[in-house]
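Undergrad: Chain residues, written in single-letter form:
Protein chains: 2
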Amino acid sequence: MYREQIKVLDCTVRDGGLINDHYFDDDFVRQVYKAISASGVDYMEIGYRCSKSIMSPDQFGKWKFCDEDEIKRAIEGIETRTKLSVMVDVGRVEKEDILPCKDSVVDMIRVATYVKDIDKAIELANEATAKGYETTINIMAISKALDNELDEALDQIERETKVLAVYIVDSFGALYSENVTYLVNKYKKYLKTKEVGIHGHNNQQLAYANTIQGIIDGCNYVDGTVFGIGRAAGNCPMELLIGFLKNPKFDLRPILDVITKEFLPLRQKIEWGYLIPYAITGMFNEHPRTAMALRKSEKKDNYLEFYESMSPAELD
Amino acid sequence: MYREQIKVLDCTVRDGGLINDHYFDDDFVRQVYKAISASGVDYMEIGYRCSKSIMSPDQFGKWKFCDEDEIKRAIEGIETRTKLSVMVDVGRVEKEDILPCKDSVVDMIRVATYVKDIDKAIELANEATAKGYETTINIMAISKALDNELDEALDQIERETKVLAVYIVDSFGALYSENVTYLVNKYKKYLKTKEVGIHGHNNQQLAYANTIQGIIDGCNYVDGTVFGIGRAAGNCPMELLIGFLKNPKFDLRPILDVITKEFLPLRQKIEWGYLIPYAITGMFNEHPRTAMALRKSEKKDNYLEFYESMSPAELD
Chain A
4 MYREQIKVLD CTVRDGGLIN DHYFDDDFVR QVYKAISASG VDYMEIGYRC SKSIMSPDQF
64 GKWKFCDEDE IKRAIEGIET RTKLSVMVDV GRVEKEDILP CKDSVVDMIR VATYVKDIDK
124 AIELANEATA KGYETTINIM AISKALDNEL DEALDQIERE TKVLAVYIVD SFGALYSENV
184 TYLVNKYKKY LKTKEVGIHG HNNQQLAYAN TIQGIIDGCN YVDGTVFGIG RAAGNCPMEL
244 LIGFLKNPKF DLRPILDVIT KEFLPLRQKI EWGYLIPYAI TGMFNEHPRT AMALRKSEKK
304 DNYLEFYESM SPAELD
Chain B
4 MYREQIKVLD CTVRDGGLIN DHYFDDDFVR QVYKAISASG VDYMEIGYRC SKSIMSPDQF
64 GKWKFCDEDE IKRAIEGIET RTKLSVMVDV GRVEKEDILP CKDSVVDMIR VATYVKDIDK
124 AIELANEATA KGYETTINIM AISKALDNEL DEALDQIERE TKVLAVYIVD SFGALYSENV
184 TYLVNKYKKY LKTKEVGIHG HNNQQLAYAN TIQGIIDGCN YVDGTVFGIG RAAGNCPMEL
244 LIGFLKNPKF DLRPILDVIT KEFLPLRQKI EWGYLIPYAI TGMFNEHPRT AMALRKSEKK
304 DNYLEFYESM SPAELD
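The listed protein sequences correspond, in order, to chains A and B. Residues are numbered in the working numbering as their position in the first sequence, beginning at 1, plus a constant of 3. Residues are numbered in the working numbering as their position in the second sequence, beginning at 1, plus a constant of 3.
Hints may be right or wrong, so weigh each one.
Where chains are identical, the list cannot tell them apart; a pair therefore holds if satisfied intra-copy or between any two copies.
Listed next, the in silico BS3-like pairs over lysine-lysine satisfying Cα-Cα at most 27 Å (straight line) [as the list claims (entries may be wrong)]:
#: 1; residue 1: K272; residue 2: K299
#: 2; residue 1: K165; residue 2: K195
#: 3; residue 1: K134; residue 2: K189
#: 4; residue 1: K134; residue 2: K55
In short, the hints are calculated from the structure, not lab data.
Pulled out of the complex, with its shape left as it was, chain A reads as follows (with noise of 0.2 Å):
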């Protein structure tokens, strides 16, 4: 598939510091981000800005906050075009913190909202752009979106801002590839000036799947992660997706090492990726965080008696 519109978007350490509540060392982001360069991925979103007057710097690693200077620090003399974008949570961030663009190193800012928020992610989303950013919106937990205020959502941000996109979240991992036909299709009904994007979670193996099927319906944003890392199952792995688009620009080879080099040590630390608990959540539509916390437990491989857990004794 080749099609000179679409984006690819780096998340390795954003996603992944949802993992390891950001701390991740100051050579490792920098290897990835000399990767991420190498293999002409447009864009890499290096961690969140969080507010440190909302969010505590003593409960969280640098990347939560992605300070101006730490990033500076991590990206100093590597060449590359690859663009930069943070992730602004609505309700985590207060306007001060975010710069004038040209006074940032930072390109891109993507506001992540669930869709009853939608009012403040267009107020935060439109504070960005007026201060030059490039900007998305990105609605989490898409899965569970009712219809109607979805409509409505996708209607008020085509009128009201000037995001570049809007992504399709699914950050349970629930979705089929029919439903992410639908969802586009109802995205490019309403987006008429802007692109639709996608971010998948891998929870039933269908981030990738699903993201395939969203470009091939029309999405021109996809974000990925090396080697999949990512909250609980991961995202779609950025190796395949690479692997997948036929631009000549991108080269799959400085992914494939720093896998070797820097993931392959990691995940022995760290766990994501497709595993029971989060394929159950998945299938019923639910955050993984009841996953996540039977993983840190002595029951992490009991899989029947979770099943059961999420089944409720009774339909009410």
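Using the hints provided, position chain B relative to the given structure of chain A.
TA: Relative to chain A, chain B alone:
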């Protein structure tokens, strides 16, 4: 997804046997049969029926040969509606190894073939049909089949056999969903009186997604294995497939339980599943044998070098 005609076949012991030369112990096979039976899966393929005059019993475990007495011992006393299947490879079995069905515990014989050997496969399938078995023909390495040869083979199978189904076998894990759709439509064009089947390999994490795509396109015979066990990257995970199919006859719980009890310990001893070298052979549309050899070498995690070894020094 619910369609009454869909038949699910478990080939855990058969395809899994390709990793350990078919040396599963009796209790493991019995526990798998018990779980598959309890889960309501339609067929279980318990191994290969090879001729001992062709393949040596000194070099392979018993599930390469599937003696009737061995099967009987494994399944004895287990209540079931699951039918039993064995696979025969063209060129690896003599006609006399196939008993009349009335004297066998086996219900179905699946004939594995490359497209070039289709005449031999038809002869073998007809022999098995005549002896009273349900039969299928499974066309291996479909991603390398020449289109005109495949057309001819499908036309011949339709005219010359009474097989129930003809399978698309993605031996190299190289197919994308669009290829699946293309192939299912081609099969359906020729096979007016037969069903289409699909058997995936998970090199690019697409075995399950491609199986769903096959179902959407009209496949009514679908293969899976418990915990995705199978050669190299393995197969479509049965736990995901049963989670997807809404037919009330299926019960996911026995499969989850047998994964905890039998497959987690087994996975400590033998390796299968998504690994970068298998992803690479899948992308190159090659047999995984070079990747399997790599995994047994000291260079097992040298992904970049392996990738470069797959690219020829020059195109000729």
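Undergrad: When the structure is checked against the list of hints, which entries are broken? Sort them ascending.
TA: Hint 3 alone not satisfied by this model.
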